Amino acid sequence: SQQGEEDPQALSIQEGENATMNCSYKTSINNLQWYRQNSGRGLVHLILIRSNEREKHSGRLRVTLDTSKKSSSLLITASRAADTASYFCAPQRIWGAGTKLIIKP
Amino acid sequence: SQTIHQWPATLVQPVGSPLSLECTVEGTSNPNLYWYRQAAGRGLQLLFYSVGIGQISSEVPQNLSASRPQDRQFILSSKKLLLSDSGFYLCAWEGNDNQPQHFGDGTRLSIL
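Respectively, the protein sequence lines represent chains A and B.
Residue numbers for the first sequence follow our numbering, so the first one is 1 and each next one is one higher.
Residue numbers for the second sequence follow our numbering, so the first one is 1 and each next one is one higher.
Calculated directly from the structure, the hints in this document are not laboratory data.
Keep in mind it's a predicted model, so treat the numbers as computed, not measured.
Honestly, I wouldn't trust all of these hints.
When the alpha-carbon atoms are kept at most 20 Å apart in a straight line, the in silico EDC-like pairs for lysine to aspartate or glutamate are as follows [unchecked claim]: (1) A:Lys69 with A:Glu55; (2) A:Lys26 with A:Asp66; (3) A:Lys104 with A:Glu5; (4) A:Lys100 with B:Glu59; (5) A:Lys26 with B:Asp105; (6) A:Lys69 with A:Asp7.
Just chain B, same shape as in the assembly (with noise of 0.2 Å):
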């Protein structure tokens, strides 16, 4: 069976301090990968997907950024956070378009 993982569930970074969370896939292969922020009592928001190995599609302009160097690894990355990158990320992978996303436990980043 599939199942992802992502780590840390909690992360405390000064502002300026660089960042770097990370998602794993198993059990599948070529999966389409997400990124989400999620703000307290909110929606999810699209950060990056990636449909292949390098491939990744950003959704908006921001501090972040994000790369995929293995077929079932996608990094989330930042040089220098900001006060507004506070927030709850959320990784996701699916087989295709019409199939159900399945997210991992979310890593909660509280900027200082």
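For reference, chain A alone in the conformation it holds in the complex (with noise of 0.2 Å):
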């Protein structure tokens, strides 16, 4: 069964906004991953949280875990066009559908 539900499915922003995409989980994890994905590619892992850590960053990233309330968010800031891709949370190595994140020039 699905582990890790993003929200929203879909994003789309002016570049140089902040992106923010969300993650639900159902079971107790270890850790909770987050990947990004180019069209047509395999994925690139982006940040690992451990379910004793509460935020994380790497460069413009930010990553937060609420083990409380079983969700995670990423938070993209001032995005690029390069930015574009999807966005997939995995609690335990169990996959969501994703978010489909576009950035318009």
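Assembling the complex is the task here: the two chains are given apart, and the hints tell you how they should meet.
Next comes the structure, spelled out in structure tokens:
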């Protein structure tokens, strides 16, 4: 059964704006990972956050984790056209359908 | 550094034909290996994973099988392809359960 569920399914914003994607899951986890997938390509790992961590940063990316609410968010600040991709969360490596992010120039 | 190779990139096969997709990893030992299938616009469905040579776990009953004849080689096979086997197949490796997965570039399989 599906573990991670991303929200929204699709997001279209202007270049320079911030993009926030959310992920909810159902069972206890040791870690949660976020990945990016460009169309027709493999997935690229972005950030791994462990269950005892609440927030993690990597460049323009910020991931939060709330284990009490079984949810996580991915924030991309100052978005660029190159950020256009699908973003997936994977709680315990069980994947959601992803959020398709489009950055308009 | 570690790399993962997956081939072919695209494949068109007739219904009922056999299948063999290969994935190899370089630069690491005893990786966990995974085969996923992704339908258009959807997330990843885990098909098989392996924690060692000859050790294969299947996540869903299906027309496919997997084998790991060598430490860094993972093969996805079918004796007779079905139309429903069409999709984007991804191979991935990881060092252990708490490390990121690293993906190949995928194989786009079309069944006619």
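* Among the hints numbered above, which are violated by the structure, and what are their numbers in rising order? -> When the structure is compared with the hints, numbers 3, 4 and 5 turn out to be violated.
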